[in-house]
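A.B. asks: One-letter residues, chain by chain:
Number of protein chains: 2
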Amino acid sequence: MAKVTIAGLAQRLGISKASVSYALNGRAGVGPDTRERVLALAQELGWYPSSSARALSQARSETIGIVLLRDPEHVGSEPFYMSVLAGIEAVLSSRELNLMLRIVAPDGGGAPIVGGADVKPLAGPPAGRRDLAVYRRWAGESRVDGVLLFDEVRSDPRGPLLGSLGLPYVQVGGSAASGARGGSTTVDQSMDAATVTDALHSLGHRHFAYVSGPPDLAHEDLRSASLAAHARRLGMTLVTSASDYTAPDGEAATIAVMAGVAPGSEGFPTAIVYGNDLMAMGGLAALQRLGIPVPAQVSVVSWDDSIMCQFSSPPVAAMARNVTELGRQSALLLLNIIDGHAATNRAMPAGVLQHRSSLGAARP
Amino acid sequence: MAKVTIAGLAQRLGISKASVSYALNGRAGVGPDTRERVLALAQELGWYPSSSARALSQARSETIGIVLLRDPEHVGSEPFYMSVLAGIEAVLSSRELNLMLRIVAPDGGGAPIVGGADVKPLAGPPAGRRDLAVYRRWAGESRVDGVLLFDEVRSDPRGPLLGSLGLPYVQVGGSAASGARGGSTTVDQSMDAATVTDALHSLGHRHFAYVSGPPDLAHEDLRSASLAAHARRLGMTLVTSASDYTAPDGEAATIAVMAGVAPGSEGFPTAIVYGNDLMAMGGLAALQRLGIPVPAQVSVVSWDDSIMCQFSSPPVAAMARNVTELGRQSALLLLNIIDGHAATNRAMPAGVLQHRSSLGAARP
Numbered sequence: 001m002a003k004v005t006i007a008g009l010a011q012r013l014g015i016s017k018a019s020v021s022y023a024l025n026g027r028a029g030v031g032p033d034t035r036e037r038v039l040a041l042a043q044e045l046g047w048y049p050s051s052s053a054r055a056l057s058q059a060r061s062e063t064i065g066i067v068l069l070r071d072p073e074h075v076g077s078e079p080f081y082m083s084v085l086a087g088i089e090a091v092l093s094s095r096e097l098n099l100m101l102r103i104v105a106p107d108g109g110g111a112p113i114v115g116g117a118d119v120k121p122l123a124g125p126p127a128g129r130r131d132l133a134v135y136r137r138w139a140g141e142s143r144v145d146g147v148l149l150f151d152e153v154r155s156d157p158r159g160p161l162l163g164s165l166g167l168p169y170v171q172v173g174g175s176a177a178s179g180a181r182g183g184s185t186t187v188d189q190s191m192d193a194a195t196v197t198d199a200l201h202s203l204g205h206r207h208f209a210y211v212s213g214p215p216d217l218a219h220e221d222l223r224s225a226s227l228a229a230h231a232r233r234l235g236m237t238l239v240t241s242a243s244d245y246t247a248p249d250g251e252a253a254t255i256a257v258m259a260g261v262a263p264g265s266e267g268f269p270t271a272i273v274y275g276n277d278l279m280a281m282g283g284l285a286a287l288q289r290l291g292i293p294v295p296a297q298v299s300v301v302s303w304d305d306s307i308m309c310q311f312s313s314p315p316v317a318a319m320a321r322n323v324t325e326l327g328r329q330s331a332l333l334l335l336n337i338i339d340g341h342a343a344t345n346r347a348m349p350a351g352v353l354q355h356r357s358s359l360g361a362a363r364p
Numbered sequence: 001m002a003k004v005t006i007a008g009l010a011q012r013l014g015i016s017k018a019s020v021s022y023a024l025n026g027r028a029g030v031g032p033d034t035r036e037r038v039l040a041l042a043q044e045l046g047w048y049p050s051s052s053a054r055a056l057s058q059a060r061s062e063t064i065g066i067v068l069l070r071d072p073e074h075v076g077s078e079p080f081y082m083s084v085l086a087g088i089e090a091v092l093s094s095r096e097l098n099l100m101l102r103i104v105a106p107d108g109g110g111a112p113i114v115g116g117a118d119v120k121p122l123a124g125p126p127a128g129r130r131d132l133a134v135y136r137r138w139a140g141e142s143r144v145d146g147v148l149l150f151d152e153v154r155s156d157p158r159g160p161l162l163g164s165l166g167l168p169y170v171q172v173g174g175s176a177a178s179g180a181r182g183g184s185t186t187v188d189q190s191m192d193a194a195t196v197t198d199a200l201h202s203l204g205h206r207h208f209a210y211v212s213g214p215p216d217l218a219h220e221d222l223r224s225a226s227l228a229a230h231a232r233r234l235g236m237t238l239v240t241s242a243s244d245y246t247a248p249d250g251e252a253a254t255i256a257v258m259a260g261v262a263p264g265s266e267g268f269p270t271a272i273v274y275g276n277d278l279m280a281m282g283g284l285a286a287l288q289r290l291g292i293p294v295p296a297q298v299s300v301v302s303w304d305d306s307i308m309c310q311f312s313s314p315p316v317a318a319m320a321r322n323v324t325e326l327g328r329q330s331a332l333l334l335l336n337i338i339d340g341h342a343a344t345n346r347a348m349p350a351g352v353l354q355h356r357s358s359l360g361a362a363r364p
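Going line by line, the protein sequences match chains A and B. Residue numbers 1 to 364, in the working numbering, belong to the letters of the first sequence in order. Residue numbers 1 to 364, in the working numbering, belong to the letters of the second sequence in order.
Some hints here could point you the wrong way.
Heads up, the list lumps identical chains together, so a pair's fine if it works in one copy or across two of them.
In silico SDA-like cross-links for lysine to any residue, where the CA-CA straight-line distance does not exceed 25 Å [claimed, not checked]: (1) K17 / G140; (2) K17 / A28; (3) K17 / R37; (4) K17 / A199; (5) K17 / G204; (6) K17 / L165.
The set of hints was computed from the structure by calculation and includes no laboratory data. Keep in mind the model is a prediction, meaning the values are calculated, not measured.
With the rest of the complex left out, here is chain A (with noise of 0.2 Å):
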C-alpha cells in the first residue's frame, strides 16, 4: 500500500487537490458531497496529515519526551522505572499521545561507586552530562512537545536549559517547581523518614543505618538530612553509607557498614534502611553471608516497595507508594503545562510502611 497523499486522493476522486486540501481541512470552497467523497476515502485509505507537514505548520508534535542519565542495564534491573512508565502511558495511550524515551549512559561509563560507614559525599554529576545534548536536539527538531524529568540533582542544569529551550517539562518526584513552565510532582521525604525512624524507635531500635542511593540525587540528599533530623529528635543514632541502587553495591555496603563491629557492641546497628528494593535484596544476601539472622539481630527496611518485596527471604518490610500513579500524575500535570496552564506542584500521598518480616523489635 503506498503512502496515502493529498495528490493521491485527488488523482482517486477525479477532483483537484486543492478541493481534497480544503475538504480536509474543513474549509470552504468544496460542495458538502465532495467534502464527503473526500473524507470517507480518505477514512479508508488511512489518511493522516503527515506530521512533518503539521510540525510546519506549528502544529504539537503529540509526543512527551524522556532522557534517563542512566546505565542502561542499571535501568533494565529497576522495577521503579517500568513502573512509572506505566502510569505514563495509561495517561498517554488514553490520548493518543507518543512517549519519546533514550537512556544515555553517564559519562565514565558507570563507574562503581563503594560506600563507607559514613556519610562520603561523593563526586556530583559528570561535567558536561550527556543527556543535554538530547533535549537541545529535540528542541530543536521540534519532536517533543514537553518532558518528563527523572532523577533530580542538586543545581540541576535541566530546568534552566529547557527554560531556555521554551519546552515545558514536570520533574517527576522533585522538590519544587524552577521555572515558569516547569512543575514538579513533589514526594515529601521528610515525612516519609519521620515514618521509618518512628517504626524503628517503637520497636525498641537506638542505633541504624542506612545505604543511600547516589547522594548527588536530591531526594537522597533530603532523605539522608531528614533521617538524621529525625534521629536526632528520638535521642536515635545513624550511620549512611552511600551505594548505588544496584544490589551487588548494596551488598558491599552492608559489608562496610557491618566491619568491624561485633552483635551487641555499641555501634552494632540493629536494623538497616536501604533506598531501593535491590540494594535491600543485596544486603539480605551480605547479612546472610556474615551469618547474622534477619531479623533477630538485624531488622531490614527498603524505601522502595516491589514484588521482590514481597517474595524475598525473609519478605522485607518496605515503604509502599504508589508508584504508577506518581507517573499518571507526572503526564497529567506536564499535559497541563503544555496546555498553557500555569506550572504547579502536585503534591503525592506520603508513604505507608508495609510491615514484613524483616522488620522486628531490637534485641534488647
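Since chain A is already given, all that's left is putting chain B on it; use the hints.
C.D. replies: For chain B alone, kept in the frame of chain A given last:
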C-alpha cells in the same frame, strides 16, 4: 532562546536565506568565508534541521517504534520488558536514534484468564487489535523508520499490515521472518524445553506441570507443544495450565493444578515449570499456603530468570537467557533492514538452566 531558523541566521549575519541554506546543506553558491560564518553561528546557536523539513524531504525520522498490546500495569511489573528495552536503548543511544513507545491496553480491559488443570485454549487475540491503528498512524505520519514487535501470536496480523504499509519490522523472539522487510530474532523453544525436561527427568521426576502464559502467544504454544513432545520422549507425563504472566494468576493456576491430588498419588506433579518469574513467585506463595514444601515435595522452575528468582525463598531455578542481548540483536537487525539489507532471521543462543535450591530430586 527563540528557535533557531534559517531566516534567523540570515538576519543575524546580514545575508540572504538562500546563502544560509546553501552553506548548511554543503551546496555551491556561497563563498568559503560566508560558509564558515554560517556554520559557526549555526553551531553556536544550536541549529538543527527541523525534523519536519527533513521528513518532507524524504529523510528518515531517526526513530524506532514499539507498541506493546498489554495492560500498562502488567508491563510495569515484568522485568522482561525493561531488560529487553535496556538492550534496545544501548544500540539506539549509541547512534543517537530515538525510541517511540506506546503501551496499548487490549480491548476488554484485561479480562482475567483462569487456568484449569488441562490445556484450555483461551480466546484468540481480541477482534480488532487496538495496536494496529497505531502502526497505521505512525506509518501515515512518517513517525518511525521501523518497528520492533513483541508477543507474537498465531496468524499474527502485524506482519502483513506492516508489509502493506512498507514499514520494516523485527519480531523480537519470534518464530520466523514473514516478509521482505520483516526479520526475526528467533529463540529455539524446543531446545530450551529439552533442557528443562531432561533436567527434571535426571532428578527422577516423572510427572510435572507447566503453568504457561496466554496460549495465544506463539512462543507459549511452541513451549507447551515442545514440553509435551520431550516428556513423551522420556516417558514422562505433563499437565498444562494457562495463566496470564502475573503473580496472582500464577498462584491461582498452582492451586488449580494441585486441587484434589494428594502427595504421592498418581496425578501428583513433583515439579512445576512456570512460563515466567512472576508466575513462579505466585506459585511459591500458593505452595506455601497449601503446606507443600519446596523442593522436598514439589520442585519449582521458572522459564525466565531475574533478580526475583535469586532472592526468593527458596531461590528459584530458572532458564537464564540474555534478554538484554536479545534486545540489542533485535535492534541491530532492524537497523540493518532499514538500511536496505535483506531481512533475515538471527538465532539467539539457547537458554542455560540455573540450578537453585527450588529444584531437587523427586521423592522416591
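A.B. asks: From the Cα coordinates, with 25 Å as the cut-off, is the pair K17 and A199 best called within, between, both, or neither?
C.D. replies: Intra 72 Å, inter 68 Å, cutoff 25 Å: neither.
A.B. asks: Since the copies are identical, ignore which copy is meant and state whether K17 and A28 lie within 25 Å (CA to CA) inside a copy, between copies, both or neither.
C.D. replies: within (14 Å within a copy, 34 Å between copies)
A.B. asks: Cα distance capped at 25 Å. Does K17 pair with R37 within a copy, between copies, both, or neither?
C.D. replies: Close inside one copy (14 Å), not across copies (41 Å); limit 25 Å.
A.B. asks: How would you classify K17 and G140 at a CA-CA limit of 25 Å: within, between, both, or neither?
C.D. replies: between (31 Å within a copy, 18 Å between copies)
A.B. asks: At 25 Å max between alpha carbons, let me know whether K17 reaches L165 within a copy, between copies, both or neither.
C.D. replies: between (37 Å within a copy, 23 Å between copies)
A.B. asks: Quick one: K17 to G204, C-alpha cut-off 25 Å, is that within a copy, between copies, both, or neither?
C.D. replies: Neither: 80 Å inside a chain and 75 Å across chains, both beyond 25 Å.
Violated hints, listed in ascending order, are 4, 5; each of the other numbered hints is respected by the structure.
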